[in-house]
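Order-wise, the sequence lines are chains A and B. The working numbering numbers the first residue of the first sequence as 1 and each following residue consecutively. The working numbering numbers the first residue of the second sequence as 1 and each following residue consecutively.
There could be a bad hint or two in this list.
Claimed, not checked - To spell it out: a stretch of chain B is covered by chain A in this simulated footprint if at least three of its residues, at any positions, have a beta carbon under 8 angstroms from a beta carbon of chain A; those stretches are:
no.	segment
1	24-36
2	40-50
3	100-106
What the hints assert, rightly or not - Pulled a few chain A residues facing chain B out of the computed Cβ check, cut under 10 angstroms:
no.	residue
4	P2
5	E3
6	T7
7	L39
8	Q41
9	V47
10	Y50
11	F65
12	A93
13	Q102
14	F104
15	L111
These aren't lab readings, by the way, just hints derived from the structure by calculation. Cβ atoms here follow ideal geometry from the backbone N, Cα and C, with glycine treated the same way.
Single-letter residue listing:
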Amino acid sequence: EPEVTQTPSHQVTQMGQEVILRCVPISNHLYFYWYRQILGQKVEFLVSFYNNEISEKSEIFDDQFSVERPDGSNFTLKIRSTKLEDSAMYFCASSERWQETQYFGPGTRLLVL
Amino acid sequence: AQSVSQHNHHVILSEAASLELGCNYSYGGTVNLFWYVQYPGQHLQLLLKYFSGDPLVKGIKGFEAEFIKSKFSFNLRKPSVQWSDTAEYFCAVNGNFGNEKLTFGTGTRLTIIP
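With the rest of the complex left out, here is chain A (with noise of 0.2 angstroms):
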């Protein structure tokens, strides 16, 4: 069965740094998905992204947050200089079609010192 699939699987990082986190969502899916998860906290939406454009961003999504599909395959977050509250579960989902179920991948956990 096709899976959405997220590298790395644990990052740490220094406050400051950049980072990128891959996601390759599943083939024919056309709708593509940013979450996080504080630790404790309730899954929180980021971003979706269709037709290689932003569709909808939450107030998290400030402008240190960026997000690209750089080829055909991969869709990738970038936060430009991370803060320590930055530490969290992020996941990708990804749908094939509007309002379809979405699918998770593993999530990258991310640690910023």
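On the provided structure of chain A, position chain B as indicated by the hints.
Chain B alone, transformed into the frame defined by chain A:
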């Protein structure tokens, strides 16, 4: 703004007990409803979903959920739990039109005692 409430933070049951996890949502329109499960060390997996039609939906592993529109609820049930059901369960909602982002509840940790 939409929101999801899961009232049970941690539920502990013995094997073969019946399960019901509560989920209430707040949203000013037609909704799609989901239950996701996260087994220890694994990623979020879809258990079941409701888009329209029969309000009683059946999912994988013997789980079912009932959408009660008048109560804004989508409770998850299983008649007889197994040790392997130990996991965290998340209720989520998105809007039927113009809003695909998922809003999650805080999750319910389910521990099954053999």
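Here is how each hint holds up against the structure:
{"no.": "1", "hint": "24-36", "result": "holds (count 3)"}
{"no.": "2", "hint": "40-50", "result": "holds (count 6)"}
{"no.": "3", "hint": "100-106", "result": "holds (count 7)"}
{"no.": "4", "hint": "P2", "result": "violated (13 angstroms)"}
{"no.": "5", "hint": "E3", "result": "holds (9 angstroms)"}
{"no.": "6", "hint": "T7", "result": "violated (13 angstroms)"}
{"no.": "7", "hint": "L39", "result": "violated (12 angstroms)"}
{"no.": "8", "hint": "Q41", "result": "holds (8 angstroms)"}
{"no.": "9", "hint": "V47", "result": "holds (9 angstroms)"}
{"no.": "10", "hint": "Y50", "result": "holds (9 angstroms)"}
{"no.": "11", "hint": "F65", "result": "violated (15 angstroms)"}
{"no.": "12", "hint": "A93", "result": "holds (8 angstroms)"}
{"no.": "13", "hint": "Q102", "result": "holds (6 angstroms)"}
{"no.": "14", "hint": "F104", "result": "holds (4 angstroms)"}
{"no.": "15", "hint": "L111", "result": "violated (17 angstroms)"}
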